[in-house]
Amino acid sequence: MISLANALLLGGLVAVAAPVVVHIAHRRRTRTMDWGAMRFLIEVVTRRQRQMSLDHLLLLAVRMLAIACIAFALTRPQLSFRAAGLGDLISRTGRTAAVIVIDDSLSTSAPRSDPAFVTMKRLAHAYIDTLRAGDEISLVALSRLSEPAADPIFDLVGAHEYIDRLVPTAIASDMPALIEAGVGRFSRHMNPHAELVIVTDARASGFSVESSDRWSALRGRLTGAVQAAVGTRSRPQVILLAARHEHPRGNLSVAEVAIDRTLLPPGRPVTIIARLIKDGAQPVSAALVRLMINGRTIEERTLDVPGDQSRQISFVHSFDEPGSHLIEVAVEGARDALAEDDRRSLAVEVESVLPVLLVEGRPGTGLDGSLGLLAAALAPRNVAGATGSGDLFAVSRVGADGVTERALSHARVAVLGDVPALDAEAVSALERFVVAGGGIFIVGGPDTDRDLANRFWSRGGDGFLPTALGAPKRVPSAHPVTTAASHPAVSAFAVGAAAALREVAVSQYLALTDLPPDLERILELDDGNPLLVTRTRGRGRVALFASSLDGAWNDLPYRSAFVPLSRSLVGWLGGNILPPRNLIAGDRLAWFPAADGSLGDVTAQGPDGQTLPLMRSAWEGHPALVSAPLTRIGAYAIRTGASRRPIWFQVGLASAESRLSPLTDAQLEGILAGIPRHDVADPAQVSGLFTIAGNRTHELWRWLIAAGILLLIIETVITQVQSKRERSYPQPATGRPA
Amino acid sequence: MSLQGDVHRQVLERLGNVFVSARQAVESVLSGQHRSVRRGLSVEFAGHRPYQAGDDIRRLDWLVYARSDRYDVRVHEEETRLRATLIVDASGSMGYAGSSGRSKLDHAKVLAAALGFLMVRQSDSVGLVTFDRAVRDHLPPATTMGNLLVMLDRLEALAPGGETGIGAVLSSLAPQLTRRGLVILITDAFDDPDRIAEALSLLRYRKQDVRVLQVVDPLEQSFPFPAVISFRGLEGEPTITLDADRIRGYYHESLAAHRRALAERCHAIGVQLETLRTDEDLALSLIRILMQGPAT
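Protein chains in written order, with our numbering: chain E, 556 to 1293; chain A, 3 to 298.
Derived by calculation from the structure, the hints in this document are not laboratory data.
Mixed in with the good hints, there may be bad ones.
[To be verified] Taking lysine to any residue pairs in the SDA-like style, the calculated list, with each CA pair at most 20 Å apart, reads:
hint : chain 1 : residue 1 : chain 2 : residue 2
1    : E       : Lys-1279  : E       : Leu-1267
2    : E       : Lys-1279  : A       : Ala-258
3    : A       : Lys-209   : A       : Ile-271
4    : E       : Lys-1279  : A       : Ala-229
5    : E       : Lys-1279  : A       : Ser-224
6    : E       : Lys-1279  : A       : Pro-228
7    : E       : Lys-1279  : E       : Leu-612
8    : E       : Lys-1279  : A       : Phe-225
9    : E       : Lys-1279  : E       : Arg-602
10   : E       : Lys-1279  : A       : Pro-226
11   : E       : Lys-1279  : E       : Gln-604
12   : E       : Lys-1279  : A       : Asp-247
13   : E       : Lys-1028  : E       : Leu-1070
14   : E       : Lys-1279  : A       : Ala-246
15   : E       : Lys-1028  : E       : Asp-1081
[Stated by the list, open to error] Which bits of chain A does chain E cover? Going by a derived footprint, with three or more residues having C-beta under 8 Å, they are:
hint : segment
16   : 94-106
17   : 235-244
18   : 252-265
All C-beta atoms in this analysis are idealised placements derived from N, C-alpha and C, irrespective of residue type, glycine included.
The following block holds chain A by itself, in its conformation from the complex (with noise of 0.2 Å):
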């Protein structure tokens, strides 16, 4: 099946005829978190708002100023839209299947495009990006629904490997992100919480809404093997042979205090982090994802 049947068979057709309620929701949240169009039908001019400390002195409606001697400024429609980024980690590490035969890069792809395909319902502008060590492919945002056609195939294709270099990707990306915006980074996080946090407070620097889905095996966070197991890397990694009875109390340890420090390093600089399971319900987690309200 089609990346795109898959959203609609796990998105679409569940949030249209179960959840109904949740589908609201979404939309209200959706049209809660900035001024959609719906609100006004203009193309042109979306209305007023008051003058803020740096916006530029020539948009300033001096029509307005002359007849109320108030400093506002012209909202075009262009600017009431949401523009989002999907960025989408491809590395090896994303390849990871557990027992559901489900790898996380799949589940990272049918989020992306379910959120992709929720944003052009709302005529927010929506683009992709997917990285591995360095960004493999950008697409730019556009709010047209052959964008998100392309957009889909393009993550129907897309196919893990490499290594994972979050951190310099999305530096790399912050000073092309000049216009406010949401950005949505699906990844399973396995780098250095340092560099990620560094790298997203650019994002942050770069006025953009940056939400991290980490997606994560249950299989990673159980670790329920048993006897000695060779572990062969995804990501070019030397091979271990360990006796995961005896060190499954040390990996616990290891992967609890790396996401204590994502979490606390996400929350300092106003990024919201969501763990994602690949067994759990994509629907119920876009639900979760999108009631919450913006970081800052």
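In isolation and in its complexed conformation, chain E is listed as follows (with noise of 0.2 Å):
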């Protein structure tokens, strides 16, 4: 059978018509003159029209069939004469188009004994030992897919090499990403046998089976076009070669660290919580939980944890000093499949104070004004007029007027009390803040314009206003309840301090209209209108309390609830330390200081201790030096040369990762459920899926522009011989006849 590598330039044949479109377009662009011999015309035309067409037809055939055997070329056409008796096997049908799509992500080292990984190579070597010369590969790791590609390639030598480079990185798990991208790269191959390669140590979580959606747009990609043969460019063969390794003594992970408050402050308690979670029947027993703080052991527990089952540990610590700090927790001796993920950072940043600025509609000093309440609650020895504060919120205090954009740049959180309208250049200042990184706090109250702050503060949920602000309501008594008792700014009232927020009464608060999905309610009130709502904005963070803070709508700010809630809340609003230090595997690292913008002189190192490459390039639109995508988990730390002190950061693993359970048959049928695929897990394996010597195939492009180069010295041939004809004729005498 004829089989076409390039179908799509079929429609290069239409080409086979431009003889005659010449022919004609030539014809049509003919002059006309008056011409006094006409008998000799005639005679011509009666005596040598036959002639003539056929020289012509002869010509315009020719040329046509040269055109033709050209553009049939162009299309890759191959003639394949398959033996019998094949069975399932993958019959190579001429030069092969193969994608090697590779998970190099972080849970392919385990179990460390004999990591998945080393497997997966050797399958991987095992296929591209199949390949011949002219075979066109495409090797596409799960870390590089932000790389640029160039390829295919040709070179089998370097195909063996790169997979020889190839290590476990901490990049998360993404298979349909992975697959899609090797789909993807199939545009970029001309050769006619289509092979996508999966190499993988088939782990359920990596496979994100729960994702159907994105399943089923992969199937409609592999499967293509339902009359494609299977092994063509829109219908791959799929090849799945999964290095299924067990796991039977299971893994320990750390999971998360958390603190229990949103800002640090020196010389003060604070609750580290490790969450381990087992993965596996088989249970950890007298393992050993270190916590390390910038690299130095505080504290070390021993633990045993039943199998699949998940453990949380908490450490009490304070940091004496402000500043930078990385918090680690470890777990030592629980020999499970997968080492790293045994250890987890958190970068944390100590701060003695956190400057804030209070915007009142109604100004006042001491707890007079829409906001006095607050700042004593915030900065209580500011407040009582003591000097030397040592508070940890700096309060400062002004009216609508006063917000600016000078203002902003030495406060890290703003909160607007009761304000009836802010002018332009504010609301600009505002937006500019949030987007930056900065926490703004909304508090309502009898004097906010809802109309002014609907249209100018929420711009239809583009503004800083987490959502619209509806009419006053006026109830008998309500009283609020956590909805989020995760979020930080409650986390103080989730187990045993819920009745502190119960015993607070709500006589009037704003209705609350159009809420963004995106928005997260932190408290309700019992008729279930939100009292306090919480957003993202660019980088940083909005907070809507839908009452007042000043006693009138509700006696909040007289309850036991209203310190820690407040300090929780700002301190959340305003612990945004950007750029963030805590990433993932694939993130950047970005580093500027604050001060004057420049960069100085600044050291970077990794987990290892090696030099980590940073450049001078932009985060969010401020100069900032930026390393390459991080894939290796752990600790970095940076320093400058004006301080002894590093600035930790880390990269940390998607928890994702340390699940190890095996894709099950049934799951692997369910994602690639219609689409022919054939499984191998022994490298020894792999040579016999392909049956090359059983079939012939003949490239037919070769002969198709051999003929067309024949056929083009042919018209030459003819042309030429058609002149010299016309030319023998008697030339006629320029003067008198002899």
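From the two separate chains plus the hints, produce the assembled complex.
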């Protein structure tokens, strides 16, 4: 049978009509002239018409045939003779376009004794060995998806070397994305027989089997045109090279490290919470959990975890010095499948003071004004007029006209308390403030102009107001409840302290309307109306309290919940350290000095102590030093010439990488339903997939090109013969006849 | 400029001022070709000549016979004058004007006018026939200047048109040419050579000294056109679209065959055939024509 490698180029056959079109166009451009000696032309036409027509048709046919040959050759036609009895084996009916996608996520380094990645490499090598010179290869590693591609390659040795250089990286496994990228690479190939080779450790979490929409779309791309034959680029052969390794001891991972405060002041105790997950039935006993601060061990505990359970361990620690610190929790002696997830870090910033700008609709001093009570809650010593303030929050109180770019540049959080209106410059400055990472807390009240706020602060959901304000609503007595107990702003009320919030009585509030889907409700009233909501805007955070904080609409300021709620919320709003220091694999480390903007003498070190190159670039529009995407998990440190203390960053592992449950056949059938595939787990069996010797395939394009060239030569010869014959007739005498 | 002025400028002035010897040659040629009145001044009687078979016996001069026993016949002035008839082809094909913008008919008209001038100046009689498929106009020969002016007027008004019918026209003219004379046919001769020769032989049979002046355009000879051209006939032929480059050889072959056939047939019947190109100097063409002696 004849198959076409580039069937789309079949459209080039319309070029066959070119000689006819040229002929017609040529005739249409003729000019007309009067002629006296018509009898001779008529005689020529009468006598020579048949011969001229034959000559013309012959030339036209030769030219059309030559073009047809060349156009057809571009489609890479192949004449295949398939041998009988090949069964389900893959018959390579021509040169192969091979796209090899490789999952080099960290989970492939499990188990420790016999990493799956070693087997995966052997499988990939075995597959490359089945290819021949002239076959096209694209190698797509998960960790290099973002890098520019220069494929396909024809160098089989180079392909082996590429495989040899690969190592497991911290990039989270995402097989749908990897396979989709591989399918996309076929557009770069020309060879007719297409094979998509998936090299994986076949973990269920890596294949994201729950993402049915993604797999459905991917199946659509893999099946391509229904009428297309399997093995073409629109419907490639799918070969799954899966290193299915057993993990009898299961895996223990440090899934999360967190702290219970939104703001870390020096000298105050903070609870460090480590959540450990055990995957697999085999229990872990007598393991050691170690807490390290800035690389120094602070505390150690023994750990026993039954199979398939999670465990939470808390440590209490107080940081003596402000600045950047690194909290690490490591498990030792677990003897589990994956070593890299036995340790997790958290980079924190200990701050001695958080500057807060209070913008009051009704300015006042002391406890007066729209935010006088909030100021007292945040900075009691300051409000009380004590000298040498030791308050964690440095509060500045201004009126509505005090919202300026300069005032905001010294604040981490701006609180708008029952502000009737702001001028356009103030609104613009607040929007820039929150987009750049600042926090805004909007508090309602009787003076708040809802129409102006909805029009200029909310701007249909694009402004800094989290949601639109509705009409004030008066209720006999409503009590707030926590709806997001894990939120840092209300985490203090999560356990045992929820009753403190229930004591609060709200008599009036602004009904919130047009709630956007990304709005997070923190507190709700009994009637279901939201009382405290938060939202992310740009790099910053915004919060909206639907009632007042001056005691007019509720008695919250006089309740015990007020101080912890206020301080937690404002601390959370201002605790946004930018650029972020807690990263995931694949992110870039970015750092810029805040003071004068100069980048100065900066060095960075990776987890292995190696220097990390930083490039002058930009982060969110600010000049910054930026690294390449980080593929190793662990702690990174930046040191400047001016400071001896490092600034800590950490790259964490996606928790899904710790789940090593294998992909079951049922799951595989589900995600690749309807796609014929060939599964191989043993490198020795890879070569047995293919039947090359049984088939005979002839590439026809060379013959067609040769035929096209031959026809062009024939055309030249015919033209010359005709021209010679036409010139052989006697030329006219230019003067008198003899 | 009028045809008269054109002839004066192109022919007579040049013959008079530039080519004096040529004019003399013309005159001598003309004088030598027939017994002109310039040999004797008698109006009525021009002389005697020996009797030839076929002469009217009533014209024998019995007085001469009585005195010298010779059979002489009297020859009158009228008989010594040349009776020339200029036959001009005005068919559509003569209207072809090549790159010069001057048509073959224009060239033929000047040529006829020049010949008329020269002949009248020698007191020869000149007549004019114009035709296409049939005779359009026939002006009998006369020696008067008035007749010449009429001839010029008619030439001037002559426009090309109609198909060519040389053979039929000459055949119809032959019976009217009862007296010995000179017939000059000015045409492009784009007609069947056999039919032309057949008609010319009729004129020859009528004791006419016949000369054919074939007027051709240089482009008709060289056929230098490139690419595909639609040729529109001037005599009502259908338009033909041809690749000129490809048929040039065939055209030359056909044209040469026609000329060869025409020349052979003219030679066979004693008719002089002269080809004149419209880009040639007319005066030189005239000298060349007139220098040649009679065909027989």
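Comparing the hints with the structure gives:
no. : hint                     : result
1   : E:Lys-1279 to E:Leu-1267 : holds, 18 Å
2   : E:Lys-1279 to A:Ala-258  : holds, 19 Å
3   : A:Lys-209 to A:Ile-271   : holds, 12 Å
4   : E:Lys-1279 to A:Ala-229  : holds, 17 Å
5   : E:Lys-1279 to A:Ser-224  : holds, 18 Å
6   : E:Lys-1279 to A:Pro-228  : holds, 17 Å
7   : E:Lys-1279 to E:Leu-612  : holds, 18 Å
8   : E:Lys-1279 to A:Phe-225  : holds, 17 Å
9   : E:Lys-1279 to E:Arg-602  : holds, 19 Å
10  : E:Lys-1279 to A:Pro-226  : holds, 17 Å
11  : E:Lys-1279 to E:Gln-604  : holds, 18 Å
12  : E:Lys-1279 to A:Asp-247  : holds, 12 Å
13  : E:Lys-1028 to E:Leu-1070 : holds, 17 Å
14  : E:Lys-1279 to A:Ala-246  : holds, 15 Å
15  : E:Lys-1028 to E:Asp-1081 : holds, 13 Å
16  : 94-106                   : holds (count 6)
17  : 235-244                  : holds (count 8)
18  : 252-265                  : holds (count 10)
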